[in-house]
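Line by line, the protein sequences are chains G and P.
If you read the first sequence in numbering that gives the first Met the number 0, its first letter stands for residue 0, the second for the next number, and so on.
If you read the second sequence in numbering that gives the first Met the number 0, its first letter stands for residue 0, the second for the next number, and so on.
What the hints contain is simulated information worked out from the structure, not anything from laboratory work.
Note that beta-carbon positions come from the ideal geometry of N, C-alpha and C, so glycine has one too.
Some hints here could point you the wrong way.
Every beta carbon over 12 angstroms from chain P, so not counted as near; a handful from chain G, in silico [unchecked claim]: (1) S73; (2) G98; (3) G140; (4) A153; (5) E179; (6) R183; (7) P186; (8) R188; (9) L204; (10) E273; (11) A290; (12) D304; (13) A319; (14) A326.
Derived DSS-like pairs: lysine-lysine, alpha-carbon spacing no greater than 30 angstroms straight-line [stated by the list, open to error]: (15) P:K15 to G:K1; (16) P:K37 to G:K44; (17) G:K36 to P:K15; (18) P:K37 to G:K1.
Here is what each chain is made of, one letter per residue.
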Amino acid sequence: MKPFDYVRSHDAAGAAEAVAQGGSFIAGGTNLLDLMKLEVMTPDKLVDIGRLNMNEISATDDGGLRVGALVTNSDCAAHDTVRRDYGVLSRAILAGASGQLRNKATTGGNLCQRTRCYYFYDPVMPCNKREPGSGCHAMNGFNRIHAVLGTSEACIATYPGDMAVALATLDADVEILSAEGKTRSVPVRDFHRCPGDEPEKDNVLEPGDLITAVTLPPARKGSHFYRKVRDRSSYAFALVSVAAIINVEDEKIASAALAFGGLATKPWRDPEVEEVLIGERPSLELFEKAADILLADAKGQGSNDFKIPLARRTLTAVLAEGCGMEAPL
Amino acid sequence: MQTTSLHINGEEHTLKADSRTTLLDALRNHLGLTGSKKGCDHGQCGACTVMVNGRRINSCLTLACMHDGDEIVTIEGLGAPEELSSLQAAFVAHDAFQCGYCTPGQICSAMGMIEEAQTGWPSYVSETLDDLKELSDEEISERMSGNLCRCAAYPNIVRAIRQIAKETE
Ligand SMILES: Cc1cc2nc3c(=O)[nH]c(=O)nc-3n(C[C@H](O)[C@H](O)[C@H](O)COP(=O)(O)OP(=O)(O)OC[C@H]3O[C@@H](n4cnc5c(N)ncnc54)[C@H](O)[C@@H]3O)c2cc1C
Ligand code: SF4
Ligand code: FES
Ligand code: FES
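Chain G on its own, in the form it takes in the complex (with noise of 0.2 angstroms):
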């Protein structure tokens, strides 16, 4: 690891302020601290945000809820509220890591951890992630893990967590704070990004940025669903995960929130994807349409071509169940 400064700091203000002059923040340190013994992240200085006052969870005046950013991930899953009116976050949660890494990861940290890429983590291979410019031999080489959908000619890195697929499905909001001191609020749909020519940049966050909350909007009504598909049964990443809230009334789908992990460079809806679904009756017919449209234009890269029928019996499995079908085979 290289040598850097520890600070803790006590107010939030004061920690957007320390890292826009460079560093980095850290909350549980589960996915900085792995990076920085390889050398892949090195900060010069870390700013402990960890007690910062920001581990709550309350209700908001709209009757929704907010999650500070550092509520753990444990806490989060296991809140009455949260379990009872956004069961898909609380499923989610519990689909990722271990239960020691849950009790230590924090929601902020979450939504900011980075790709699990093979050659994102090894310094000594190219990777324009990692070293701009540098080239991206994932394209041609051991790719199984990497994304079909929202790729780019410079990277193809999937976001790999799981929280943030069903924050999607809930329209929730990420709340910043700026080095400036100016609060803003973004879509968690908005927050991540594509890689584009700028595969540097997972999201929005300006240096100094400072998640404080995640907002939730009043509870959608559906039934609500995280199934991830992975190479062993638990702590292990998505190779395909889908988080849905379906709600079926009158024998029609009344409503449908979806969002994939796994296999976008970031969590992906497709809004397309859900208008194909609404006010339709349910039918093995309609959720093979709704695949289609989802993996319009997914590319596979080789090895990881199998993520594109494995998303399809993914989703068509949760959609099946959603409406109280039989699943298909």
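Chain G is fixed; fit chain P with the ligands onto it per the hints.
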């Protein structure tokens, strides 16, 4: 250099160490508490699991200086060879290890896990998100998935934990 005060197993320690020192390295290399093990050093195996302020965490993925003033319990704080804690005794009784390298982490993790389950936390395999009613073997396996065992003593680890979870219900 950072000066950090740590409460470990009921004792006060003042640590003076480079800011890069992880909690795991502080325990093992600076304070002589070698019960906590280093398997992967990257959060992937659970051998380094300790309790911090009542919660199980991976001590390899956190810096010692982040824990100034925190309460830490390691395997050494749970019991000693001549007075084993109930979990330790159950691991012996059920033959829940072979080489023993993962065992301190398994036991610390199980301590935290049993408490989480008794608080009612659901898990990924829970049918509903209501308060957990029964800690089945499937629940134990899922909740302990952050602890790998290269000797694959998993069936007996589950049996040992099941016994203690039942006794402390
Ligand atoms: C073995 C292993 C398995 C895992 N499996 C999964 C999995 O299956 N699914 C999954 O979703 N995740 C998984 N994870 C990732 C885990 O969820 C993340 O490491 C964790 O959520 C990061 O949170 P943290 O608080 O520890 O972040 P940190 O490591 O402290 O920070 C991560 C990044 O976020 C920035 N940051 C932190 N807080 C803020 C803030 N408030 N404002 C602005 N920036 C901030 C930091 O500067 C840093 O760049 C796994 C991790 C490990 C080690
Ligand atoms: S896919 Fe992205 S992160 Fe992976 S090597 Fe290519 S540029 Fe780097
Ligand atoms: S040594 Fe900490 S998880 Fe493996
Ligand atoms: S007993 Fe050998 S690794 Fe678990």
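Evaluated hints:
The claim that S73 of chain G lies off the interface is violated: its Cβ sits roughly 7 angstroms from the closest Cβ of chain P, which falls inside the 12 angstroms cut-off. For G98 of chain G, the non-interface assignment is contradicted: its Cβ lies about 5 angstroms from the closest Cβ of chain P, within the 12 angstroms cut-off. No Cβ of chain P approaches the Cβ of G140 of chain G within 12 angstroms, the least distance being about 22 angstroms, so the stated non-interface status holds. Distance check on A153 of chain G: its Cβ is at least 27 angstroms (rounded) from any Cβ of chain P, clearing the 12 angstroms threshold; non-interface status holds.
Residue-level check passed: E179 of chain G sits 28 angstroms from the nearest beta carbon of chain P, beyond 12 angstroms. The beta carbon of R183 of chain G sits about 28 angstroms from the closest Cβ of chain P, which is more than 12 angstroms, so the claim that it is off the interface holds. Distance to chain P confirms P186 of chain G as a non-interface residue, since its nearest Cβ pair spans about 25 angstroms, more than 12 angstroms. Distance check on R188 of chain G: its Cβ is at least 24 angstroms (rounded) from any Cβ of chain P, clearing the 12 angstroms threshold; non-interface status holds.
With 12 angstroms as the threshold on Cβ separation, the claim that L204 of chain G sits away from chain P holds: the shortest Cβ distance comes to roughly 22 angstroms. The non-interface label for E273 of chain G is consistent with chain P: the shortest C-beta to C-beta separation is roughly 24 angstroms, beyond 12 angstroms. For A290 of chain G, the non-interface assignment is confirmed: its Cβ lies about 25 angstroms from the closest Cβ of chain P, beyond the 12 angstroms cut-off. Consistency note on D304 of chain G: stated as away from chain P, and its beta-carbon is indeed over 12 angstroms from all of that chain's, at 27 angstroms minimum.
Here A319 of chain G stays apart from chain P, with its beta-carbon at least about 18 angstroms from theirs, past the 12 angstroms limit. The beta carbon of A326 of chain G is kept farther than 12 angstroms from every beta carbon of chain P, the shortest such distance being approximately 16 angstroms. The hinted pair formed by K15 of chain P and K1 of chain G meets the criterion: a straight-line CA distance of about 18 angstroms does not exceed 30 angstroms. A hinted pair counts as satisfied when its Cα atoms are at most 30 angstroms apart, and K37 of chain P with K44 of chain G qualifies at roughly 26 angstroms.
A distance of roughly 20 angstroms separates the Cα atoms of K36 of chain G and K15 of chain P; the hinted pair therefore holds under the 30 angstroms criterion. With a CA separation close to 20 angstroms, the supplied pair K37 of chain P and K1 of chain G stays within the 30 angstroms bound.
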